[in-house]
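The listed protein sequences derive, respectively, from chains A, B, C and D. In terms of numbering that gives the first Met the number 0, the first sequence has 153 at position 154, counting the first letter as 1, and numbering is strictly consecutive. In terms of numbering that gives the first Met the number 0, the second sequence has 213 at position 214, counting the first letter as 1, and numbering is strictly consecutive. In terms of numbering that gives the first Met the number 0, the third sequence has 46 at position 47, counting the first letter as 1, and numbering is strictly consecutive. In terms of numbering that gives the first Met the number 0, the fourth sequence has 197 at position 198, counting the first letter as 1, and numbering is strictly consecutive.
Calculated directly from the structure, the hints in this document are not laboratory data. All C-beta atoms in this analysis are idealised placements derived from N, C-alpha and C, irrespective of residue type, glycine included. Any given hint could be a false lead.
[What the hints assert, rightly or not] Straight-line alpha carbon distances no greater than 27 Å define the calculated DSSO-like cross-link-like pairs of lysine-lysine that follow: (1) C/Lys78 x C/Lys255; (2) B/Lys255 x B/Lys333; (3) D/Lys255 x D/Lys51; (4) B/Lys255 x B/Lys51; (5) D/Lys206 x C/Lys333; (6) D/Lys255 x D/Lys78; (7) D/Lys333 x D/Lys78; (8) A/Lys206 x B/Lys255; (9) C/Lys206 x C/Lys255; (10) B/Lys206 x A/Lys333; (11) A/Lys255 x A/Lys78; (12) D/Lys333 x C/Lys206.
[What the hints assert, rightly or not] If we take Cβ atoms under 7 Å as the criterion, some of the chain D residues that face chain A in the derived model are: (13) Leu135; (14) His137; (15) Thr160; (16) Gly163.
This is what each chain is made of:
Number of protein chains: 4
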Amino acid sequence: MRVEPPAHLADQHYWRYDVEHVASSMDVVDFVPNRNQFVYTFGGSQPAATIKHGTALRLWSEDAFNNAITSVADIPSDKLDPRFLNPQTGPFYVEGAEPGDTLAIHIADLTPARGWGASAMIPFFGGLTATDRTSLLHEPLPEGVWIYEIDSAAQTVGFQTRRGDFELALPLEPMLGTVGVAPAGGEVYSSLTPERYGGNMDTPEMKVGTTAYFGVNVDGAMFSIGDGHYRQGEGEACGTAVEGAMNSTIIVDLIKGGGPAWPRLENDGHWMVVGSSRPMEDSWRISQVEMIRWLRELYGLETMDAYQLLTQISLVPVANVVDTNYSVVTKIAKSLLPERSAFDGLHADLRGRARSLV
Amino acid sequence: MRVEPPAHLADQHYWRYDVEHVASSMDVVDFVPNRNQFVYTFGGSQPAATIKHGTALRLWSEDAFNNAITSVADIPSDKLDPRFLNPQTGPFYVEGAEPGDTLAIHIADLTPARGWGASAMIPFFGGLTATDRTSLLHEPLPEGVWIYEIDSAAQTVGFQTRRGDFELALPLEPMLGTVGVAPAGGEVYSSLTPERYGGNMDTPEMKVGTTAYFGVNVDGAMFSIGDGHYRQGEGEACGTAVEGAMNSTIIVDLIKGGGPAWPRLENDGHWMVVGSSRPMEDSWRISQVEMIRWLRELYGLETMDAYQLLTQISLVPVANVVDTNYSVVTKIAKSLLPERSAFDGLHADLRGRARSLV
Amino acid sequence: MRVEPPAHLADQHYWRYDVEHVASSMDVVDFVPNRNQFVYTFGGSQPAATIKHGTALRLWSEDAFNNAITSVADIPSDKLDPRFLNPQTGPFYVEGAEPGDTLAIHIADLTPARGWGASAMIPFFGGLTATDRTSLLHEPLPEGVWIYEIDSAAQTVGFQTRRGDFELALPLEPMLGTVGVAPAGGEVYSSLTPERYGGNMDTPEMKVGTTAYFGVNVDGAMFSIGDGHYRQGEGEACGTAVEGAMNSTIIVDLIKGGGPAWPRLENDGHWMVVGSSRPMEDSWRISQVEMIRWLRELYGLETMDAYQLLTQISLVPVANVVDTNYSVVTKIAKSLLPERSAFDGLHADLRGRARSLV
Amino acid sequence: MRVEPPAHLADQHYWRYDVEHVASSMDVVDFVPNRNQFVYTFGGSQPAATIKHGTALRLWSEDAFNNAITSVADIPSDKLDPRFLNPQTGPFYVEGAEPGDTLAIHIADLTPARGWGASAMIPFFGGLTATDRTSLLHEPLPEGVWIYEIDSAAQTVGFQTRRGDFELALPLEPMLGTVGVAPAGGEVYSSLTPERYGGNMDTPEMKVGTTAYFGVNVDGAMFSIGDGHYRQGEGEACGTAVEGAMNSTIIVDLIKGGGPAWPRLENDGHWMVVGSSRPMEDSWRISQVEMIRWLRELYGLETMDAYQLLTQISLVPVANVVDTNYSVVTKIAKSLLPERSAFDGLHADLRGRARSLV
């Protein structure tokens, strides 16, 4: 079966978009955008395609540098075009999704689409430098590029210092820096921003086995993904992870109603919420209060009891302190709590479907 | 051998202070302060006793409520006296410690000294309420107390909701909320404050097996400990963990020179730094920059290389977002890096000595 | 002469749009939008009209509540529709304006378009309440409305307490809360947001006699105005000023190139810059660094000399601490410095032209 | 009449301390500390002298650099000793002052005690540089010193650029950067810190004609003053004003009870409150909420009415964004409100007494 691309894309010959049927009877759509199809915002774009919920997507995404950084000899400020950073694959219009609904995106597989990733120090960008916001009088820190070769057998990426000869093989731990839906109120945000609608949250929790739930703000939800990271520390201190093109297999599902105020994540082991704002204590407050709401829903707890319980059991791994908003995760181990299902057990169901796929 | 107590304490009959020799030939000092000996500040107090470095201490500490909260019927604002919160056991004068040195405190054992712990919601205190700093016009949140009974066999503490009948056994995970030395410059801070000198950092990383390194600011270092937690989530959202009296066995050692700017922690698995300031992004920046310094020292890395490596490997568990400063931990798994020893291998040595003790 | 409205607006009978010639030979355009023409974002809208630079505009703007609040009996959370807050009059496409240029908007006259204004306490909105960002567990503060009658003869607005019988006549000091151009990068922001492009800065400095300079981000600049305030304290603590419909007379001019990074303001007495971000120290840093740039341009000062001079002479009146970003003004009295002209003396020229108008 | 100095000071021959009777029958005490008498903290010091309330004091204070900076050739990091910055004159023990009382300090006169002042750029200190808190990886900004000669006839201080030959005479506007009492709870803070007890608030409002009210925390209040500025912009961007030794004439009075939570200031034209914390929005919130309390006291307003009124009339000049806490002033013009007297009309009374003195 062939899904028709939107008219304005039909003549672009790089475009590839196929649906096949797998054993599980899921629709599986392959989508490899060409350069003209990349989008750089959440909101404000025409859909790349329309999909049914329950569809699995095999999506290729370009790296956050738009492939402009390929060598340690590259000078980031020469190579990078600020208009074309963090290209997104999408957005996808999900049939039947309406404001107030919950869009579930389950990450079934993440496979690096290149044999190397790159990280760059970019002038006045990052967490330990003056920025356009923390506006100071310093000269920029030194620019530079680090290239990480993938060792597929060992499942590692290789770090090498630029000065000296220190080398290190670090575990390959693929994740997506950016996943989100269109904002409410007609707003359009750069794909570099994390917000209420998700976006560039840059949390290592966005990895294989995770289901992310987003409140839908516009008809069709209009989600997109991008910013593949081959690995990332919490905080993403210098502003760029081990950035790389990614092949992502995701399953998209829809729950009518119940849209959470902020992105919720679930994997086999944890309940999570991501808050994104400034200053960082506000990101934390957001994620904690939304988790209290979730604990109330899951366990029928009164607010102050949920606040008390949260205090003794929540983990708080920082996601990023470098984007236009800072992101903080509140995370609770399911093993500490009685078993409950969120969204009618959708995560377990998606896990099963994912296994049928890969 | 009997160590003489300070003269003003000699007549207080609860006072107990003994030194014995153990197999390892370490001095082991027992110290159980009476109520008049508690201190409520870092800096500004006479030493409880003078010890040699290398000494092991078995210290009893009162809970952060000063034992004023014992039942769910207690009203925190009635029971708590703000002058007498977070009593500290100490300070101890360490012979030979001088400004610029490094004081190492290794936690060999933490054993609850009571069969129950308590957590309280206190008006205008905590992370999800207006406070005296985030000064707003709201009425206070409802006050209340939660009592957690210890099940010694199961090694759990029991959570029960105040509304409804939800119960939960949570793992007993003892830690010290407060460990620190006297500040520099003649400053004296409430024991509720975390700062450059340590203090009320409220990180779950301050547990058995951890060695904490503090820069010494005054002769004798003048360290104290307190604020035992039977468990705590990251962030300590409501402002109080499962607070409980604690029997702590620690070993104190001294490195001449090398005092770090901010507290460094080490256990068998991780290198860690704790930053404490406001807003929370500044706490994070402090802990990240100090970790870059440590990576430079341990691995001889140039600054930008260390910044790059940190970006891809650091974990960032939040410690507290409720105290007068917020505390954030930067944490790196030793397993990701070549083996190195900090402070001449002191941590491994202390681990060995601890095993001989307990 | 009659300017044609955009086709999609031509049939809306409330629409009024005329150009006349005044003595000064300036074009003067009257524009009173109807309800369907209001826009609620910066960016993302079709132009209401295209104008030549040098044009004077007489613009009517609705109040920030979209006229939904008219009585102290109104319940804000019942009456206000979050989709339709802070309606803007515009955007206007300025012929010849290109990215990198400087758009100058001079405020020649502000006259209340109604005999009363309103302020409202809205749940979880404002500076001294929990918000969706400073997310806490409190119940909302009490809602309410205050109506301020204008006394035209006395040029005052009347404050009356809701409890008790305290009354006060406060000076009428009209200003525009919101003036800005379209953002860069295809972004679209709610008209409630202040940012680099201006927008909802809510500074009392945006009053008659002020020229505001904005960096142009898109062809035509696409500026709009709205959010008339009959008066406002600095900070706009409760989130709403004395909000009222406004008749604004502005003169629009264009400087090729030279677009400032952040909005600059000038009146006869002061040079000003507005920074908008979070936390508030970052808003301040932005406005100070941009003022240092301006001092360098105006006086040829080296950076550190400009920093030193700024330290001793800048005023820093806070603008708002309630919007999605907080805004802080850096303000320098011209009287302290040798006479200089910015943008080739445009402000003085606009003052002259304004006098010929009103 | 001769007041006896504290015993430990009696043999220091620079010490001068005299009481005379003036026409108004006020006691007038002259106090010129010698170098050994300077204190560098709030709290933690023995009193320099004991005074009766109602006493006028003529106090000499050293500049914040402790006179270590005297020439543009000085290198701040060479000359400045961090242990001896911002020396305070005091503390003074006020007879009868008890915790909960209100100490009033009225500034009757400020006269520069030298013919020149100095400002310095100090590495990693100030608002537009990385600091020990906003901890980044930049090299420090260039160090440097600016000397400002006083022109007594013109009542100006002279600014000269270090690069180029730009000169400027700026109005002499003497103020005290630091005024405060001892903190509560046995805490001791560096004299560089502004807090609830006052201290290094660095607001230009602390000038002749101002009465400052502080809540008393310890017996005798133990106030001190220092950090004379010959002038300062709001924010004190580079961290140092035009610093200079100062002759201050102040009148000290005591109100039993009524101690405000944060420093309140009053002059003939304005009611003011200073909040000091981090991030800067918290400083603002503190000053606004305390002003609402004051409006309630002065005018009997209900809280939400006071919040509404504050919103439309408060001015918010920033004080400092460079100290360990940031300080923000909320300021209300008395002319906007019905006449009221705070603290039983003490300010007007002090103004009268001040006139009899100078």
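Hint compliance check: list the failing hint numbers for this structure, sorted ascending. 1, 6, 7, 8, 11, 15, 16
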